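Engineer: As a plain string of letters, each chain reads:
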Amino acid sequence: MTRSQILDLYFVDARHKLIDLAAFLDRWERAEGGEDFRMAAFRRALQELAGGPGDRAERVLLAFSDPTTEPIPAATTKAACGAWPGAH
Amino acid sequence: MRYIEPHAHMVSRVTDDYVHMVTAGCAAVCEPAFWAGFDRSSAAGFYDYFRQLTEHEPKRAAKFGLPHYCWLCINPKESEDTQLADEVLALIPSFLDQPTVLGIGEIGLNKNSRNEIQVLEKHVDLAARHGQLVLVHTPHLEDKLKGTRLILDVIKNESRLAPGRVIIDHVEEHTVKLVLDTGMWAGMTLYPESKCSPARAVDMVEVYGGERIWMNCACDWGVSDPLAVPKTALEMRKRGHSAAAIDRLIYQNPARFLGQCPKFKLPAD
Ligand SMILES: [Zn+2]
Chain X
1 MTRSQILDLY
11 FVDARHKLID
21 LAAFLDRWER
31 AEGGEDFRMA
41 AFRRALQELA
51 GGPGDRAERV
61 LLAFSDPTTE
71 PIPAATTKAA
81 CGAWPGAH
Chain D
1 MRYIEPHAHM
11 VSRVTDDYVH
21 MVTAGCAAVC
31 EPAFWAGFDR
41 SSAAGFYDYF
51 RQLTEHEPKR
61 AAKFGLPHYC
71 WLCINPKESE
81 DTQLADEVLA
91 LIPSFLDQPT
101 VLGIGEIGLN
111 KNSRNEIQVL
121 EKHVDLAARH
131 GQLVLVHTPH
141 LEDKLKGTRL
151 ILDVIKNESR
161 LAPGRVIIDH
171 VEEHTVKLVL
181 DTGMWAGMTL
191 YPESKCSPAR
201 AVDMVEVYGG
211 ERIWMNCACD
221 WGVSDPLAVP
231 KTALEMRKRG
241 HSAAAIDRLI
251 YQNPARFLGQ
261 CPKFKLPAD
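Going down the list, the protein sequences come from chains X and D.
Start counting the first sequence at 1; every next residue gets the next number (the numbering used here).
Start counting the second sequence at 1; every next residue gets the next number (the numbering used here).
The set of hints was computed from the structure by calculation and includes no laboratory data.
Keep in mind it's a predicted model, so treat the numbers as computed, not measured.
A couple of the hints might just be wrong.
[To be verified] Among the chain X residues that face chain D by a calculated CB cut under 10 angstroms, a handful are:
1) 59
2) 66
3) 77
4) 82
5) 84
All C-beta atoms, glycine included, are put in the ideal place defined by N, C-alpha and C.
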């Protein structure tokens with residue numbers, strides 16, 4: 001596909017998702033409360049979004065990922081929260 | 001259009017989903033054993049679940065002319081209790097000769113704990129001893145990268161398992177290359193919020209090629225879409241992929257992997 005065809009197919013959808021992200025950030029700022037490791041990871045991911053060419057999806061995923069290699073001693077929960085607390 | 005749904009938790013779905021899948025061109029469905037959304041209280045709960053997967057669910061699918069296959073294991077979310085896991089592992093061999101059991105799965109990791117790894121290793125040993133195919137679940141969100149690396153290490157250490165007989169499911173952009181570089185297959189799961197969207201899955205196919213990749217919906221008791229695979233075919237069509245390329249990815253590829261188990265037969269075979 002050409003760049004122009006990609007835009008015809010995905011531009012409005014991507015624009016819509018970007019505005020949703022902006023509104024989410026505004027909503028979070030308006031609310032009461034303190035910092036959170038999830039928002040710290042989110043900001044790191046946003047930098048990847050605006051960064052250099054190629055592999056953005058991979059780099060955004062890495063910004064949220066646990067980079068360690070040792071197994072944890074025991075699972076105390078079943079759920080994942082979307083960002084690695086250890087980076088904060 | 002025809003497709004195979006290689007990963008769907010049909011015990012959690014209504015009968016209408018079978019109607020919709022067959023109407024959309026589904027030629028076979030495969031159901032890995034997984035977490036019920038709550039912890040079972042004993043191995044007897046798994047015994048009943050394995051009977052549901054091997055006896056009841058194939059009959060339910062057959063009413064719509066749809067072959068139903070399954071994979072057996074104790075899933076990683078219930079693997080922290082190693083005593084329970086040992087009891088469930090002991091049940092599995094008696095089910096392996098059932099005509100619709102394709103292999104061991106979906107095993108893997110959830111929170112990347114030591115006990116989960118121990119239970120994963122026991123499943124891998126079981127699969128190797130019985131010559132079974134292996135289907136692996138990789139962890140969610142922030143745990144996926146680390147879990148995928150740990151899982152690949154465990155499987156690479158098992159010399160009796162040929163990489164081409166193992167599929168690592170739920171890959172995303174940060175894990176797909178790690179998996180494909182080992183010679184194992186990669187599964188892309190089209191699942192809202194976590195995992196992949198159709199557009200991202202097709203991106204990865206365009207970047208890495210579609211040689212050892214399958215797509216699945218992994219529909220279950222959560223918000224999920226049993227028609228995610230045919231919808232991804234539509235995404236490919238919008239981008240100009242040929243009907244032959246789409247057929248290769250969503251029908252021939254899963255048939256090639258699953259066909260390594262002689263029990264897997266398609267209606268036309
Ligand atoms: Zn699953």
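Engineer: How about residue 66 of chain X: closest beta carbon in chain D under 10 angstroms, or not?
Structural biologist: holds, 5 angstroms
Engineer: Measuring from the C-beta of residue 59 of chain X to each C-beta in chain D, is the shortest one below 10 angstroms?
Structural biologist: holds, 8 angstroms
Engineer: Does the interface hint hold: is residue 84 of chain X within less than 10 angstroms of chain D, judged Cβ to Cβ?
Structural biologist: Nearest chain D Cβ about 4 angstroms off; hint holds.
Engineer: So, residue 82 of chain X near chain D? Judge it on the closest CB pair being under 10 angstroms.
Structural biologist: Check passed: Cβ of residue 82 of chain X comes within 5 angstroms of chain D, closer than 10 angstroms.
Engineer: For the hint on residue 77 of chain X, just tell me whether its beta-carbon gets within less than 10 angstroms of chain D.
Structural biologist: Holds, about 7 angstroms.
Of the numbered hints listed earlier, not one is contradicted by the structure.
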